[in-house]
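Chain order of the listed sequences is A and B. Everything in the first sequence is counted per this note's numbering, starting at 1 for the first residue and increasing by one. Everything in the second sequence is counted per this note's numbering, starting at 1001 for the first residue and increasing by one.
Simulated from the structure, these hints should not be mistaken for lab results. What you are looking at is a predicted structure, and each value in this text was computed from that prediction instead of being measured. Heads up, some of the hints might be wrong.
[Unchecked claim] Below are the SDA-like pairs computed for lysine to any residue, each with C-alpha atoms no more than 20 Å apart in a straight line:
no., chain 1, residue 1, chain 2, residue 2
1, B, 1032, A, 139
2, A, 32, B, 1035
3, B, 1091, A, 127
4, B, 1177, B, 1246
5, B, 1091, B, 1007
6, B, 1013, A, 227
7, A, 13, B, 1007
8, B, 1246, B, 1287
9, B, 1032, A, 142
10, A, 32, B, 1032
Letter by letter, the chains look like this.
Protein chains: 2
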Amino acid sequence: MSAEDRLIARFFKPIATDPGALGLSDDAAFLKPPAGFDLVLKADAIVGGVHFFPDDDADLVASKALRVNLSDLAAKGARPLGFLISLALPKEVGEPWLEAFARGLGSDAALFGCPLFGGDTDRISGPVVVSVAMFGAVPEGTMVQRAGAIAGDRVFVTGTIGDAALGVMMRNGKDWKLSAPQRQHLLSRYLVPQPRNALAEAVRAHASAAMDISDGLAGDFGKLCRASGVAADIDVTRVPLSDAAKAVVTADGGMLDTVLTGGDDYEIICAVPTSKALRFQDAARAAGVTVSEIGEIKTGEGVRFLAADGRALNFRHASFSHF
Amino acid sequence: MSAEDRLIARFFKPIATDPGALGLSDDAAFLKPPAGFDLVLKADAIVGGVHFFPDDDADLVASKALRVNLSDLAAKGARPLGFLISLALPKEVGEPWLEAFARGLGSDAALFGCPLFGGDTDRISGPVVVSVAMFGAVPEGTMVQRAGAIAGDRVFVTGTIGDAALGVMMRNGKDWKLSAPQRQHLLSRYLVPQPRNALAEAVRAHASAAMDISDGLAGDFGKLCRASGVAADIDVTRVPLSDAAKAVVTADGGMLDTVLTGGDDYEIICAVPTSKALRFQDAARAAGVTVSEIGEIKTGEGVRFLAADGRALNFRHASFSHF
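Bound conformation, chain A alone:
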């Protein structure tokens, strides 16, 4: 058995709990697709120095790699079925790192009911790259898309917005004299996304359009509206902020821009017809996911973020981009 095979058997085989994964002992895995369902497919990679800091704990790196993909499945109304992973690892990464990485991966695979089906590991003269491809299932023809919002729909968002963008600024040395719990909140929101998979079924049942917010509320919601061919008004005073984010914005009003356009929220934004809004809110409560109504879909094009005085905000950059 090669060193690579030993590592796989020791660290990753326990996460490959589906019989179709064949204990990671074959070249490929098989999956029996549930009858009457469509598969939902998503691939997203995270790169050391871009999406996480090289000294972040390996178990949390694994969590983040899974959760950024789980978040997309949730926004599409899909339940997870499993994932594939490709790891590119620099020489400095040894068994202790891999052991912690596998621990985080296995913990989230169990938590989200999303077992490992296969993958590969390679050496790289560069940063750690974790590429995940995830597949989920929705009843045939029901994947919730960006397109589909219509004028009159209510706009809902889960959780709180902007924490992760502030958290990464703190990691880079920014200090707003927050309390220790506030600091911890922002840092952890960057480090470990909380994908809203508990809300997937409610989104599928009630939303006319949805997406997860990974590149900033303003930019991502703009994409949803363009795909749907609609406009929208967002009431900025109703955008849900954590206590920590409120404290930052109170201390430095310019940070509101960062909150509304920064990346890494991993919350769901969706449009829900008025006739379904109450049922959606009830379903969210039952799922234990906080949702806030923040605006309304309009005819036309463009999204206005309206401040307390009724004026529309102008952003420095609408959305995070790698290019």
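Model the placement of chain B on the given structure of chain A, informed by the hints.
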């Protein structure tokens, strides 16, 4: 539209021909699994400086990324359905590289009937990393596994063995005074694998066990035999070599070790019951894929590579390993 979205629309959207890919304009894609089929899942990444040279043409890098995965599907008896891709790109990689990459990707996606369903692009302070996750289909319960070979089965291999391992040595400066066509053959066999997807249905119909050879004939076939709980004798004189590889081995007998244990062959090795061997060979002929019978499955454990004089070879390293 962000720069990233423009690149995707311009270069990658034309490859996303399945309606479920939604023109790459959504967060995820959907796929209607064919009724009565299992999905076959595979992820394999290639890394600049490891699996290809940084100055290799981008269209061929794209081809290689797809073909190493297509080769696994072929060996499992599966037909391709589509793929996801994650690209990590250093700053030096600009639009001309991406355009050529997308050209190669699109060309092979069409050739192998394997459209793009989605993916992502990131910047990296390191080499190009191309992570592909591919999914195929086999009639329910029929994925060909490594386990399944039984004593008495014939051992077949496709194409020729060892060319790529010699090709990469040439790329690194080795010179065996070959003819120009011979040099070209070995170089191209490393650069562009020729996955044997045309043989997938024959493998599925006739093989008791199969895998693709990516880490060397000796090491990979050893894995198949261990998974099947069998031994085997391979007749080294029957292992198919190209004219170029024969010329190298004639000039330098030590290179036989490299031929039999080097990586990147992307040929299929399979065990076929004697009762099916003729039909398998007929099906291979009909598919236009050369197959050679090179040995026999035995009871016990261990694979012997028997030279012309009947003695078993000892290898320096049985298999290529990244660790």
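So, going through the hints one by one against the coordinates:
1. Simply put, residue 1032 of chain B and residue 139 of chain A have alpha-carbon atoms about 10 Å apart, close enough for the 20 Å limit, and the pair holds.
2. Between residue 32 of chain A and residue 1035 of chain B the alpha-carbon distance is near 10 Å, which keeps this suggested pair within the 20 Å criterion.
3. Between residue 1091 of chain B and residue 127 of chain A the CA atoms are separated by roughly 14 Å; this keeps the pair inside 20 Å, and the hint holds.
4. Under the criterion of a C-alpha separation no larger than 20 Å, the hint pairing residue 1177 of chain B with residue 1246 of chain B is consistent with the structure, at around 13 Å.
5. Proximity of residue 1091 of chain B to residue 1007 of chain B is assessed by CA-CA distance (about 15 Å); at most 20 Å being required, the pair is judged to hold.
6. About 15 Å separates the Cα atoms of residue 1013 of chain B and residue 227 of chain A, which keeps this hinted pair within 20 Å; it holds.
7. Between residue 13 of chain A and residue 1007 of chain B the alpha-carbon distance is near 37 Å, which puts this suggested pair outside the 20 Å criterion.
8. Simply put, residue 1246 of chain B and residue 1287 of chain B have alpha-carbon atoms about 26 Å apart, too far for the 20 Å limit, and the pair is violated.
9. The suggested pairing of residue 1032 of chain B with residue 142 of chain A holds, with an alpha-carbon distance near 11 Å, which does not exceed 20 Å.
10. The hinted pair formed by residue 32 of chain A and residue 1032 of chain B meets the criterion: a straight-line CA distance of about 13 Å does not exceed 20 Å.
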